[in-house]
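Sequence lines, in order, name chains C and S. Take -8 as the starting number for the first sequence in the working numbering and just add one per residue. Take 852 as the starting number for the second sequence in the working numbering and just add one per residue.
By construction, these hints were calculated from the structure, which means they are not laboratory data. Each statement offered as a hint is correct.
Across the chosen pairs, the derived CB separations fall in these ranges:
id : chain 1 : residue 1 : chain 2 : residue 2 : range
1  : C       : S145      : S       : R1052     : 25 to 33 angstroms
2  : S       : G1242     : C       : R105      : 55 to 63 angstroms
3  : S       : V1257     : C       : N218      : 48 to 56 angstroms
4  : C       : I18       : S       : R1163     : 19 to 27 angstroms
5  : S       : Q1267     : C       : G66       : 49 to 57 angstroms
6  : C       : G111      : S       : A955      : 29 to 37 angstroms
7  : S       : L1254     : C       : I18       : 50 to 58 angstroms
8  : S       : V1257     : C       : G112      : 37 to 45 angstroms
9  : C       : K228      : S       : E866      : 54 to 62 angstroms
10 : C       : N218      : S       : L966      : 52 to 60 angstroms
11 : S       : F987      : C       : G112      : 28 to 36 angstroms
Values in this document were obtained by computation on a predicted structure and should not be read as measured data. Every residue gets a Cβ at the ideal spot worked out from N, C-alpha and C, and that includes glycine.
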Amino acid sequence: MSDQVQVNQAKPPLVEMRHISVSFGGIRAVDDCSIDLYPGEVVGLVGHNAAGKSTLIKVLSGAYHADAGEIWIDGKPAPIHSARDARNYNIETIYQTLALADNLDACANLFLGRELVQTGGLLDEAAMEDATRKVMKRLNPNFVKFHAPVSVLSGGQRQSVAIARAVHFNARILIMDEPTAALGVQEARGVHELIRQLRREGLGIFLISHDLHDVFDLSDRISVMKNGKMVGTVHTKDVTKDDVLGMIILGKLPPAAARQ
Amino acid sequence: MNLFRRLFARLEIDERLLGMLISLVVIWIGFHIASDGKFITPRNLYNLGNQTASVAVMAIGMVMVIIVRHIDLSVGSMLGVTAMVMGVVQATLLPPLLGYGHPAIWIITVLAGILCGALLGGLNGYIIGYLGVPSFVVTLGGLLIWRGCAWWVTYGQTVAPLDQTFTLLGGGVYGTLRETGSWIAAGIAIAIIVWAAQRQRRQRIRFGFPIRPVWAEAVVVGTTCLFVLAFAATMIAYEMPEVAARRLAEEMGWAIPEAGLHLAEGIAIPVLIVVVLAVAGSILLNNMRFGRYVFAMGGNPEAANLAGIDIRRMTFWVFVLMGALCGIAAVIASARLQSAGNSIGTNDELKTIAAVVIGGASLAGGSGTIIGAIIGAVVIQSLQSGMSLLGFDASLQNIVTGLVLVVAVYVDMLYQRRRGV
Chain C
-8 MSDQVQVNQA KPPLVEMRHI SVSFGGIRAV DDCSIDLYPG EVVGLVGHNA
42 AGKSTLIKVL SGAYHADAGE IWIDGKPAPI HSARDARNYN IETIYQTLAL
92 ADNLDACANL FLGRELVQTG GLLDEAAMED ATRKVMKRLN PNFVKFHAPV
142 SVLSGGQRQS VAIARAVHFN ARILIMDEPT AALGVQEARG VHELIRQLRR
192 EGLGIFLISH DLHDVFDLSD RISVMKNGKM VGTVHTKDVT KDDVLGMIIL
242 GKLPPAAARQ
Chain S
852 MNLFRRLFAR LEIDERLLGM LISLVVIWIG FHIASDGKFI TPRNLYNLGN
902 QTASVAVMAI GMVMVIIVRH IDLSVGSMLG VTAMVMGVVQ ATLLPPLLGY
952 GHPAIWIITV LAGILCGALL GGLNGYIIGY LGVPSFVVTL GGLLIWRGCA
1002 WWVTYGQTVA PLDQTFTLLG GGVYGTLRET GSWIAAGIAI AIIVWAAQRQ
1052 RRQRIRFGFP IRPVWAEAVV VGTTCLFVLA FAATMIAYEM PEVAARRLAE
1102 EMGWAIPEAG LHLAEGIAIP VLIVVVLAVA GSILLNNMRF GRYVFAMGGN
1152 PEAANLAGID IRRMTFWVFV LMGALCGIAA VIASARLQSA GNSIGTNDEL
1202 KTIAAVVIGG ASLAGGSGTI IGAIIGAVVI QSLQSGMSLL GFDASLQNIV
1252 TGLVLVVAVY VDMLYQRRRG V
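With these hints in hand, go ahead and build the complete structure from the sequences.
Have a look at this one:
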């Protein structure tokens, strides 16, 4: 595992967020944070509530603007000013809230903002349904409610619609914000399997989670934030859960990992 | 009951829409009986269509406004000021330039009206979408402001007479497709219905999706086509009043036959305008990106934003559309009255919103249909004309209409809750 990461790191990182700061009113939600991500790697982003994890990551997904700092993708500067820009860099985000329009069906949600249209501007519903059926077959073979509003779906089904959206559009960079928080054990296991599979396919994945167990299970590296600042980034294999807990609570790197 | 439900499911008919249509028929039959057979007559239905048209046009835009979680209280006043502007354009500005009765006058006037409406709507949309002032406040202000402006356009004077061709757009006695035109329109409508059903079916076959059985398709398409034909036939059955027919014959230089002149009215132009706009609006709302975004914004504005939809711009354009439709409604309303007075369209915002809500839209946003809103407009107008026919005074009409609005929404809520949506 460590060799693989070493080899990957010879290339430029897939994503580099350099010295990002975001303020809301007088509050610095994110203060001079840097983080990077390599292809085929899962980076866990952990910290207390309001540590700035979601805010930092929303800068990458185009939902927030950074007041300072820059984003580099494939070793080139990548200005991201909107959700659309992010998508153009193949950055897909699965939000904690899932960001589904509850009154629309799975197909409409999957293609929201990127609808397939025919000549004349009419939506190509059939083609969208076909694509939705294909991707759902892979993610959740039991899914049949293609025409029901997503409000009537179960938590796991809704989650699979949100994930399908990222997978269908060939994400290279995937951001998952608490992907298993609302799921049962069985469904969560399915998501874990999917994350491993996507990593094998060479995607870079940012995983935001409260669940240290999940993070240790899935991540290659772990970045810890506290009060809007980046405490540090460690290789998962070099640290224990207690080390990471210490980082979260005290905001200090453990001596063993301080070399990173 | 279960059998019916299975049948509807098989036919893929919207139960809610069917419920509205049944309520409408019940209202009609009730008035028909109470008025000794005066309600369901070609003549009354013809007038009903003309009276409903301007509110129905605005309801098309109001559905979209309400789906995106906004409201527009200024539509009646926008109609008023737009009608006044058009009155001045066609009666005062253009005749000296083009000559009285010039055939371009009505076209320029209508375009000016749509433009004026779109500008007012755009102003609403800018303040609501970009400056973030709540739509209730902005349009409540607009309700007062534009009504006041309607007065200022002519300092309260009513503009009349309007251009002759222009007044045809309001229906009346002459503003119709007549017999041949009505059958042609019905024929075109049927061709479009069959083509659309066929297209949808072929699309689903293309990807091997389940399709509804041929008999179900035939029943739905057949019923719709029959309805179109029945409507055309009813409108054609309304005979032009003798005096009017005679005047038309004189103007056109027709010989008046011995047996007297029997001319059919046919489908009224305002009704045709409503149908065309409703179809165009439904395509925009249900089959194009714009409509998809409208629903997404109503269902979850944050999700829409994260999906890269420009919410502010969409809000702006929804209100522009609402304004443009007010312009068209103003054309119909002033043409029907053959004059433009500054009180035209007063209280129309309430009728329009009521129509949309009776038509099944939720004020919480995210749901609503154009066809429902138009049926809602017909329901409201039916109540009002029915009660006038029975000699109810205006105060009682308001009481009944208000009660129906509340009861209709309550019943719909019960139905929705039982279906667990």
